[in-house]
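Guided by the hints, dock chain X onto chain L, whose structure is given.
First to last, the sequence lines map onto chains L and X.
Heads up: the first sequence begins at 4 in this note's numbering, then just goes up one per residue.
Heads up: the second sequence begins at 75 in this note's numbering, then just goes up one per residue.
Beyond 12 Å from chain L on every Cβ pair, some chain X residues (computed): (1) 120; (2) 136; (3) 152; (4) 225; (5) 254; (6) 259; (7) 303; (8) 313; (9) 328; (10) 333; (11) 352.
Output of the computed footprint for chain L on chain X, the stretches with three or more beta carbons under 8 Å from beta carbons of chain L: (12) 103-113; (13) 189-199; (14) 353-367.
Not the full set, but computed from the structure, chain L residues with beta-carbon under 7 Å of chain X: (15) 59; (16) 60; (17) 78; (18) 106; (19) 111; (20) 112.
In case anyone wonders, no lab produced these hints; they're calculated from the structure.
Note that CB positions come from ideal geometry on N, CA and C, so glycine has one too.
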Amino acid sequence: MNDEAPPVRARGLVKRYKEVLAVDNIDLNVNAGDVYGFLGPNGAGKTTTLRMALGLIMPTEGEVELFGRDPIRDGARALEGVAGFVEAPRFYPYLTARKNLELLAALDGAGARGRIDEVLDVVELSPRAQHRVGGYSHGMRQRLGIAAALLRKPKLLILDEPATGLDPAGMRDMRALIRRLADDGITVLLSSHQLPEVQELCDRVAIVDRGRVVYEGALTDLRRQGGAGYRLRTTDDTRALELLDGRPDVERPGRDEHGALHFQAQESDVGAVSLALGAAGIGILALTPELATLEDLFFRLTEGEVADGDRGKQAISAGNGAGARATTSNGSAPGEPLPTAAAIEGEAHRR
Amino acid sequence: MSAFEATPTLAPTGGARARTRRPSVLTVWRWELRKLVAQKRTYLGLGLAVAIPLIFVTVERLRGGHGGGHGDGSIFMSHITQSGLATPVLMLLFLSVFMLPLIAALVAGDIVAAEDGNGTLKTILTRSVDRGQVFAAKALAAMTYATVAVFCSAVVATVAGVASWGFHEVVTFSGSHVSAPEGLALVLAANVCYLIPLLTVTCIGLLLSTATRNSAASVVGTIGIVILLYIVSGIPGIEGIQPYLLTEQFENWHGLLRTPTDWAPIGHSAWVCALYAMPALIAAYLVFLRRDVAGG
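If we strip away everything but chain L, and leave its shape as in the complex, we get (with noise of 0.2 Å):
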């Protein structure tokens, strides 16, 4: 294992059965101590892009490698410090807990034996390791799943949908399980479509549709980036509409259902704004920022183009956020400069 390499490393993963393109020249970066939101809707290509990470399936073009080896040629010893599962976790249901822990314990070696009571408390199954799993509920399962992969000290956790078909203490369970995990030091990357999930957790993403990653970056950055909208109350807010729409470094401005104003501009233009409300007599009652929510813009990268067939898709501009990335699914070429985030919000209205 090589620990100067990033943890995950994808480039130009390609996955086709017969004729379903199910992944299509996905690029990730998973970098040390991120908690990475792999996101999308059901079939969008982030299972499989796990399964091609752990080595159980075949790119059939491009390469993965974690902490810079290559599950494919590498075999077993890219999975050094790597753990997780793919899909719900599996176990022998013939098998008590804590002999299916054994069992991969003793495919682990390295100790891990030693580790099992450990992780059986981390996950709060002790009581119930003598039982078979095959009694087990779903969520136990899930938190034995945590356990198991908990066995092999990871560096990164690799974790497919953890919190599907928990009930809603689970998930939370979970997600201050993962928290916790993350703060000791231990790289997540967590495929989900559960959107509060990413939210609460992550700090970096990748939206996949369609096989094909439509942003990846910093989660902030997303949110700013599309939408850097504001909610404003004056004194008099009809006026100040009228003056909103007259100028150019405002967006969209206009009333919500409850009558109050909003407008999109970007963050160096309301300063100038405020000021021109001041001068024209109008006083500022609040001004505040509002950050788009992830689920709009999931749904604004992930669903327009349902709704628009082939059309080539944009991906909302990774702006300043350093690292982000966006991608354009009909052949931008490196270098060509990405679509602005209002541009995007407006391909999204329009469609």
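For chain X alone, coordinates are given in the frame of chain L:
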């Protein structure tokens, strides 16, 4: 505070990692055996291997051991009450045709496909063992099971036979008699020789299990191949290929129970079985190495 937040924190993952010592094939094999031991299906096959000799001995005792039968087995059938050592020979004659191949296929056909279907294959393939190690362990486990089934049957038949009719000299296919200790050694050797074609059946089951990813299809397919070869061996006009059919090799051990000992069938069956087993095993290995594991 969530429930997990109240739980202890994992020890830190550490900085520079010592080079981990990876488990050996033997470790994986031991766990394959433990999995087999934990499954009811395992005992179905072993139960059959043990029950049939017991039923046979019980029925023969009730009948008074009047013997009978025909073909190669008739000589042992007629001597069944004269030596308990005739029982394991007779049982091997009966079981070697279909029952033991079926028992071997039960595990060989299931050992990869079931794990693929249940999704546990992906669980073990994301640990610190290579696919080749997992395959080797599974192949060894399936072969171990077949071997255990053969010897369970032989031991039970011998014990039951000797308990019923004594430890006396035993007749051979040639009609001569050998001493009881020599007879016991021949029984052991006959079962060892029978393993050659039986492990070949196991390799075929393993290939089907790996390639089809379907337990039932693999078990039925393996037995189907055995039945097909029996049918082929009965087709008039193609007797020339009979010595090269796998099913013919099930009788390879008969030469041991002739006077003088005929080693030729054993040598012949060794290379004929290799012609079946090696391609099957290599193909299964290659399929296992390259296959996409997406089941479960």
